[in-house]
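Here the protein sequences come in this chain order: A and B. Everything in the first sequence is counted per our numbering, starting at 1 for the first residue and increasing by one. Everything in the second sequence is counted per our numbering, starting at 1 for the first residue and increasing by one.
A hint or two may mislead.
According to the in silico footprint, chain B covers these stretches of chain A (three or more CB under 8 angstroms from chain B) [what the hints assert, rightly or not]:
(1) 66-77
(2) 122-128
(3) 146-156
These are calculated hints, taken from the structure and not from any lab test. What you are looking at is a predicted structure, and each value in this text was computed from that prediction instead of being measured. Cβ atoms here follow ideal geometry from the backbone N, Cα and C, with glycine treated the same way.
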Amino acid sequence: MGGDDNGAPLATGGDEVVTAEQVWEALAEIPDPEIPVISLVDLGVIRDVDVEDGHVRVDFTPTFLGCPALEVMRDAMAERIRELGAEPEINVRSDDSWSTDRITPEGRKKLRASGFAPPAPRDAAAPTLVQLQSNVFRCPYCGSTATKLENIFGPTPCRSLRYCTTCKQPFEQFKTI
Amino acid sequence: MEEDVQKTLLEIADDELILGWRDSEWTGIAPFLEEDVAFSSIAQNEIGHARALYELAARDLDTTADELAFDRSPEEYRCSRLVELRLLDWERTIARHYLYENADAKRLEQLKQSDDSEIAGLAAKIDREEAYHRIHAQMWFDRLKDEARFTAALEELRPLVDADRTEHGPELTELWEEMTMVRRSQPAGTKW
Chain A
1 MGGDDNGAPL ATGGDEVVTA EQVWEALAEI PDPEIPVISL VDLGVIRDVD
51 VEDGHVRVDF TPTFLGCPAL EVMRDAMAER IRELGAEPEI NVRSDDSWST
101 DRITPEGRKK LRASGFAPPA PRDAAAPTLV QLQSNVFRCP YCGSTATKLE
151 NIFGPTPCRS LRYCTTCKQP FEQFKTI
Chain B
1 MEEDVQKTLL EIADDELILG WRDSEWTGIA PFLEEDVAFS SIAQNEIGHA
51 RALYELAARD LDTTADELAF DRSPEEYRCS RLVELRLLDW ERTIARHYLY
101 ENADAKRLEQ LKQSDDSEIA GLAAKIDREE AYHRIHAQMW FDRLKDEARF
151 TAALEELRPL VDADRTEHGP ELTELWEEMT MVRRSQPAGT KW
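Given only the sequences and the hints, what does the whole structure look like? Please build it.
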């Protein structure tokens, strides 16, 4: 996290200048537009917050490049930062530095609690069909690993569809990226 | 950015935009519900890749991603003939998918080695997503590889992989008309 939150200096209007900590707290309240149980901070997509003279720069990575929630997230972040009285700058970083491994433990718990199986850890090599068809994926409802791949693709780019043969429940699996 | 790198980025962006559009034509009418979801999702990814690539290219060309994607004439696109075909049969759709994903993997591998960290980083991100497309294409290849209709489709389409990118068929113009219709209906300079 940024190191700009020491001392709470005063802005020229006499208002308190926003701190990086306040920005992180505000961003932690923004839900993912497509999986609202988890926040942008839980998702790990906020990479850096830099505060300088009432100007807040947020570096953020899309989960999938074609994710239609990208604009919604960007606008929501900008709005929350304006509410804090600062000028937002949202910088979208389209590189490979984010992975689903960055979803926080809290985020994984929240996903599981609402029926989304959290992603498996990322390997150095790309995933394979054999892996996706293996029984290492745990049902978020009953905990069984007797689950099978129904479809690599799902209702949004970040999800696959699986079926639990133990509790007979279809569920959504967060893709490892 | 060097000119040949710029050219490569636009070639890939054009391929992904046009193929994304073509893949989306299966939305609602694919032979199985699973494939309806799969092709719709793949289409969404490809168009997302196109946007990110256009954005990167646009910075050096003093233009915008939307202008690159929609304000050029059909002759100016550098997509492959393979992606512009309007395919209404499953065997050729899968054959194209398989040929495209394999060719795309090779050029992404090269782009990942780029000295330009933004290009290499974006290529790596795209490749992570394309891995799922490749699994899907391979799964269908394995399923259909002994079917005569499928092998004939592969042979028919294979030469298009390396075809001249300055030559396009009438199908690209038709798609372009459809793709840019709304944008062209607005006065120049409209903000989206």
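These are the hints, each one checked on the structure:
Three residues within the 8 angstroms Cβ limit are the bar, and the segment 66-77 of chain A against chain B gives 3, so the coverage statement holds. Note: the segment 122-128 of chain A has 3 residues with beta-carbon separation from chain B under 8 angstroms; the three-residue rule is met and the coverage holds. Chain B is given as covering the segment 146-156 of chain A, and this holds because 7 residues of the stretch bring a CB closer than 8 angstroms to a CB of that chain, at least three being needed.
When held up to the earlier numbered hints, the structure conflicts with none and fits them all.
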